[in-house]
Amino acid sequence: MKILVCISHVPDTTSKINFIDNNTKFDTNGVQFIIGPYDDYALARAVELKENSGATITVINVGLVDTEPTIRKALAIGADDAIRVNAEPTDSFFVATQIAEQAKAGGYDLILMGRESIDYNSGAVHGIVGELLGIPSISPVMKLDIEGSTAKLAREIEGGKEYLEVNLPFVAGCQEPIAEWKIPNMRGIMSARTKPLKVVEPSTVDSGVKLQKFELPPAKGSVKMIAADNVQELVNLLKNEAKVL
Amino acid sequence: MEAAVKTKNAIKGGEFLIRETQASEIFIPEEFNEEQLMIKQQCEDFLKKEIHPRLDEIDSMKHPELMPSLLDKAGELGLLGTSVPQEYGGFGMDFNTAMLVAEVLGAGHSFAVGISAHTGIGTLPILYYGNEEQKKKYIPKLATGEWKAAYCLTEPDSGSDANSGKTKAVLSADGKHYVINGQKMWITNGGFADVFVVFAKIDNDKNLSAFIVEKTFGGITMNEEEKKMGIKGSSTRQIFFNDCKVPVENLLSERENGFKIAVNILNIGRIKLGVAAVGGSKMCVSTAVNYAKERKQFGTSIANFGAIKYKIAEACTRIFASESAHYRASQNIDDAYNAFVAGGMDAGKARLKALEEFAIECAILKVHGSEVLDYTVDEGVQIYGGMGFSAEGPMDRAYRDARINRIFEGTNEINRLLTVDMILKRAMKGTLDLMNPAMAVQKELMSIPDFGASDEEGVFVKEKKALANLKKAGLMVAGAAVQKFMMKLSDEQEILMNLADMMIEGYVAESTLLRVEKLIGIRGEKACELQKEMAMIYLHHAVNKAAAAGREAITSFADGDEQRLMLMGLKRFTKIDPYNLKEARRKVANYVIEKGAYPF
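Here the protein sequences come in this chain order: A and B.
The numbers in this note's numbering rise by one with no breaks, and the one at position 52 of the first sequence is 52.
If you count the second sequence from 1, you need to add 1000 to reach this note's numbering.
Check each hint, because a few of them may be wrong.
[Unchecked claim] On the chain B side, residues computed to face chain A include the following (Cβ under 10 Å): (1) D1045; (2) D1072; (3) E1076; (4) L1079; (5) G1081.
[Unchecked claim] What follows is a list of derived Cβ distance ranges for each label pair: (6) F19(A) <-> E1226(B): 52 to 60 Å; (7) E147(A) <-> N1590(B): 56 to 64 Å; (8) G123(A) <-> Q1382(B): 41 to 49 Å.
[Said to hold, decoys possible] No farther apart than 25 Å at their CA atoms in a straight line, the calculated lysine-lysine pairs in the DSS-like style are these: (9) K1575(B) <-> K1532(B); (10) K50(A) <-> K1073(B); (11) K1293(B) <-> K220(A).
Just so you know, these hints were derived from the structure itself, not from any lab.
Glycine included, C-beta positions come from ideal geometry on N, C-alpha and C.
Using the sequences and the hints, build the whole thing.
Here's what the structure looks like:
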């Protein structure tokens, strides 16, 4: 079985978010980058499938050369080889198109990724990739088992769970608890730099979307604590200071 | 390449006292490569996932199988085999990487002690002193964690004076076994170890011999787990050997070579303990900073108060300084190792020889690292205030667990004595030329002070001069003490402690200055403003501490004109330009508080 795992290169969850260039660019200064946490679960499930019943895992990332340490981390965790599409991942359609092209060429049985990246959180890439390849796309997948040429999935839906059976190949946007989060072992880390990492140039895509600017949420105002039994004061402040009553 | 190895090899252990090191000659933690950073992350993730959620359970000792099972998990990730060569099932990492692993895992409380005892004093005696059969038999199993190891040196009446142990080994009548009888105590991992490295004297030998003892050999009994102040989750047992029959082929190295093994293995243990303490300190200060940000008093977060900022900046500075010195030394050890191997030496021997070369630095770092940790946990408790004293908060464990570090792997007193002792021995042997620099200092003392401003340009010009003077102060006091007491200097332990402090501070302050100088060369001055402040803070700390230690020593053994002259010299050599340290600390603290963790 051939599995393609798509990984995003995102700021660590504790990063401080700032924008530069007139609020059009994310300030990467001092930011540590990681594999997108949802993608990490997708990768972990791929590694489990490989350990249980054999598979080859290719990871793909759309990004410039600075994403290579993140890609090598995925190789350390257990992927066999990697593809980097040498381009800034400008928007979901652009990224999905690049992935779909590589997926078509590679002929994968399964395409896994996180339900969304944790930077711009569009959560759209898996759907577009499925559409472009003409195969099903399912998200958010919390359980995934392969049985021959089909897969059994569990998906989170509003107020409950949905159980599905789907023919390979398909695209899955994954989330916890699809697999146990994996820490790379020393052997994996040492072999990461010797595994193939192919760099391909992107194809031209005009997604018609152009970023104008970012805006940070307004800073939190100060908080006033009022004793629980002092309702009078609460009403007074809401009326006269916050002027919401 | 060969030329590079040769130049690097030119640096000798202890030479920092008399030689000015260039920034380009030292390794700095900012130079770790991608693979090493991935290993660092791996260790951090391991603690986050497996250890930190279970600290209470580990310390409760309710589940004796927990610690060995966690070691198994570490083994699955390869963390038990970092220093073990690939042919014995390990990963053959260099010493610097092994240090990085030790640093991160140092934040693992009781687990940190368990893993370091297994991979260090448990595994390394066999790896470095075992013959091929012994290595093949034991090392692969220890590298994966299938077998756990412990090290049995200390006895009820033989602690710091390790060679005085009473445990005996007698050859059996058929010549096939050594029969061991005796009692060992404070044995880390004792409760679950499969293999013990046991030190005992054969017949009436003067020196110890070392044996590899498997638990299944029989004749081994143990007391209950010791009740300890800290590292409560680390198994610590008293072990009794009653006619324990050890096959003769399990003698490690040669008869009477045990004390040497013990000493050399402790060199590694010391520098690793130091760096683990640095790792523990980083976690502690990060925890304390977050509390300081959240805790509100007088209508504001206590992190906004200068008194709290002082503690945060001071802890971070000392951590930064200690870290600088640790990785400088560990790279020196790696370089020396590579040079020995290039010269045809066997890898195990080369590793030991390299560590022996830098044994002075190892002792210095053990002391420094453990005392930085003590400072940090103490101020951590203070920042937490009442909650710091509560056994429900994280500082309780940090404070209790830190304390052992000044005791094991040779107490800090023993290590201070050793620092001076080794330096003086090398001077007497002629491997370290202290005589000429000490005489030059004496000459300088009699001459008119140089008031001229230096026209040298570059980073830390004045500070380097202050540092060179700090070293001169150390040489002056040491030289005078040696002349005064000659062979009886070893009876003057108080003075030896003073001398050790002067040397420790000189080494660490220099390492910090050189690290920042090198970093400025890489990142530019603007990006290193805070590191520069920390180098300034530390240098002032070092100079003041050395001045106090020097004064105490001089006034204890010199009087009259001699005392006056030396005190004047000390004043001259510990003179440092005023610097606004309050502002420097505030800058450092503000950044640490903004980041919410140790950020350097």
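Query raised in the report: For which of the previously enumerated hints does the structure constitute a violation, in increasing order of number?
Result: Number 2 only.
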